[in-house]
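J.: Given the structure of chain A, go ahead and fit chain B onto it with the hints provided.
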Amino acid sequence: MHNHVLKDLKNTVAKFLDKPAFCGEKSVLTFKQLDESIDRIGTYILRQGIKKSPIVVYMEKSPEEVAAFFGIIRAGSYYVPIDAEMPSVRIHLILENVKAPLLICDDATAASAEELGFDGKIVKYSEISRSEENGIDASALDEVYKHSIDTDPLYIVFTSGSTGVPKGVVGCHRAVNDYIDQLSEVLGFSEKTVFGNQTPLYLDACFKELYPTLRYGATTYFVPKTLFMQPLKLVQYLNEHEINTVCWVVSALTIISAFGTFKTEIPKYLKTIAFGSEVFPLKQFRMWRAALPEATFTNLYGPTEGTGMCCYYRVDRDFEDGEAIPIGRPFDNTDIILLDDDNNEVTMESGEQGEICIRGTSLTLGYMNNPEKTAEAFTLNPLQKGWPELIYRTGDIGRYNERGELMFVSRKDFQIKHMGHRIELGEIEVNAQMIEGITGAACVYDKAKGKIVLFYSGDKEEADMKVLLKDSLPRYMVPNVTKKLDRIPLTSNGKTDRVALNGMI
Amino acid sequence: MDELIAILKDIHPDVDYATATNLIDGKILDSFDIISLVSEIADKFDVVISAEYMVPENFNSAQALWDLIQKLEDEE
Chain A
731 MHNHVLKDLK NTVAKFLDKP AFCGEKSVLT FKQLDESIDR IGTYILRQGI KKSPIVVYME
791 KSPEEVAAFF GIIRAGSYYV PIDAEMPSVR IHLILENVKA PLLICDDATA ASAEELGFDG
851 KIVKYSEISR SEENGIDASA LDEVYKHSID TDPLYIVFTS GSTGVPKGVV GCHRAVNDYI
911 DQLSEVLGFS EKTVFGNQTP LYLDACFKEL YPTLRYGATT YFVPKTLFMQ PLKLVQYLNE
971 HEINTVCWVV SALTIISAFG TFKTEIPKYL KTIAFGSEVF PLKQFRMWRA ALPEATFTNL
1031 YGPTEGTGMC CYYRVDRDFE DGEAIPIGRP FDNTDIILLD DDNNEVTMES GEQGEICIRG
1091 TSLTLGYMNN PEKTAEAFTL NPLQKGWPEL IYRTGDIGRY NERGELMFVS RKDFQIKHMG
1151 HRIELGEIEV NAQMIEGITG AACVYDKAKG KIVLFYSGDK EEADMKVLLK DSLPRYMVPN
1211 VTKKLDRIPL TSNGKTDRVA LNGMI
Chain B
21 MDELIAILKD IHPDVDYATA TNLIDGKILD SFDIISLVSE IADKFDVVIS AEYMVPENFN
81 SAQALWDLIQ KLEDEE
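Heads up: the protein sequence lines correspond to chains A and B, in order. Just so we're on the same page, our numbering is the position in the first sequence counted from 1, plus 730. Just so we're on the same page, our numbering is the position in the second sequence counted from 1, plus 20.
Be careful, since some hints might not be right.
[To be verified] Derived CB-CB ranges, DEER-like:
#, chain 1, residue 1, chain 2, residue 2, range
1, A, 842, B, 39, 25 to 31 Å
2, B, 93, A, 1152, 37 to 43 Å
3, B, 84, A, 1200, 23 to 29 Å
It is worth saying that the hints were derived from the structure and are not from the lab. Every residue gets a Cβ at the ideal spot worked out from N, C-alpha and C, and that includes glycine.
Pulled out of the complex, with its shape left as it was, chain A reads as follows:
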């Protein structure tokens, strides 16, 4: 049984020593080098007297960042990855929430790390991973390992929050191990797997590559971000490294298909393609299947609160225009229930809609230092009153189709998926309202064009609003369109009239 995510590490290292584990733009870490770095970082953390604490990782995406994550885990603490490109205002909110004693930065982020106003100690990765003074204390590390249990926290990743404050989702060993078991079986990972990673390391999406690489002795390439605007070079990169497996957001895949790249070059080594987080436009999807008829295509679905993904659908047929690709079925050892507004179960046979709720080991532990939000989303299972059993209420509305496959219908609230990112429109509105001179703000999503539209009232020009919001929001959350109104339309109940706003986009 896997009670710890690093349980396989020593076996994998012994078997694959000098094989590259993680390959970035500037550096590569082999399994042996990774293992040594992990033990050094782990030892350093223990020598600081830090135990079972959140530790912030504020680094550029790199193999070293992964070593920092695992080093923190080795020391029995849990990592909090932060996007170094995020505006400092938002980073502050996160640091205030987690109250970590230590922050690990690198050469590229050291200067901005000093300006974060972080209360704890700041260290550079290079100082704690290689230096000779950091001799490895194997017995101290093993002692920590012996006392760890699989419900101990492993990471905190932050997701958009409707009140303007990001929410930190706390995940544990048990859920990640279960996720990797199920995902690896469905997608067929092995030591021969060569991953091309696209998703950022500060979200749970990257677990699909990080943990299977450790477990099976696979290799992960971090595809340089700039290649996602150069489709031809992107495919050449995949071919150069003989990448056979990608788990990407849909928009990253359509960048290749939409611009006629397949006419010039095909990613010929790709055998396993998984995607998710968004609707795959069928026209684009057909181009992919036509280009790679031998490859498997798997749609993945799941919220961060359910640890990575929780449902899958292996594409086994063609779809009519206007049809959506199903979410499919839950992974083994995960159960999905649909609940109606009165907390009654919606059956598969009825074909009715209900809120998608997750049951099982895959549940995360909740939101860090946020009991109110945790209690709202992680509730007792209303169908099972004999003992306390937690479910996670996703806020997604789903239904079963006539084949018994789960289909995504819509959201219950104002959360959207934009370019693969999960965004609460409320977070944008709160940040817009905080700008001086702004008297009202309401945000809608133009699904047809894939644009975030902000309506506001106040004395700022439309162009200035975008610029001002860049100071507080990550760039993927900055509205694509800003429209100034005399006043935000309200319904008779005094709420924002979103129907009227949708008519104005």
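T.: Relative to the frame of chain A, chain B by itself:
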């Protein structure tokens, strides 16, 4: 050219496109900006920018992008 500048301004109003020559290398435009840009250009100029032209050299400045649009228009 003015029409192109207007499209670019709509994406990032705070950039001086008359002088900027590092739109890609300076991380001013990201991959999502490029995609919306290419589709706006297709709408406005009836020009399809295919994968082979999607390289930083063609997107680093408004002038380079304008030259590309002209070249593709001539080829049609």
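J.: Evaluate each hint against the coordinates.
T.: Now the hints, each set against the structure:
1. Separation of residue 842(A) from residue 39(B) is about 26 Å and conforms to the stated range, judged on CB atoms against 25 to 31 Å.
2. With their beta carbons about 40 Å apart, residue 93(B) and residue 1152(A) fall inside the hinted range of 37 to 43 Å.
3. Checking the proposed 23 to 29 Å range against residue 84(B) and residue 1200(A) shows it holds: the Cβ atoms sit about 24 Å from each other.
In the structure shown, no violation is registered for any of the earlier numbered hints.
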